[in-house]
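> Sequence:
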Amino acid sequence: MPKLDIIHDSVKNALIKDGWVVTDDPYVIQYKKTTLYADLGAERPIAAERNGQKLVIEVKSLSVASKYKDLKEAQSDQYRNI
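The working numbering runs 828 ahead of the 1-based position in the sequence shown.
If you are wondering where the hints come from, they were derived from the structure by calculation, not from laboratory data.
Treat the hints loosely; a few may be bogus.
Said to hold, decoys possible - Computed beta-carbon distance windows for the label pairs:
#1 Q881 x N841: 14 to 22 Å
#2 G880 x I857: 14 to 22 Å
#3 K861 x S838: 19 to 27 Å
#4 D837 x K860: 18 to 26 Å
#5 K882 x D833: 20 to 28 Å
Every residue, glycine too, gets a C-beta built ideally from N, C-alpha and C.
When you get a sec, could you build the whole thing from the sequences and use the hints?
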């Protein structure tokens, strides 16, 4: 299982404060023989509807000095896993 990002707990707490219910930590995605992990799965019930909103989140923090390099590496990691 991948290492959690330094801002993982902050993102999780922000979702909870905004009314989301964190359902998965991590969110596991399985397709055939491949298993991928997203950092969080959350849902927010909507009072007027029976079906709530669902959200899957991959948390990444990027340093200001190398934000483009970090973003490229983060994207490469995700595509490489697929």
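> State for each hint whether it applies.
Against the structure, the hints:
no., hint, in the structure
1, Q881 x N841: 14 to 22 Å, "19 Å, holds"
2, G880 x I857: 14 to 22 Å, "20 Å, holds"
3, K861 x S838: 19 to 27 Å, "34 Å, violated"
4, D837 x K860: 18 to 26 Å, "32 Å, violated"
5, K882 x D833: 20 to 28 Å, "21 Å, holds"
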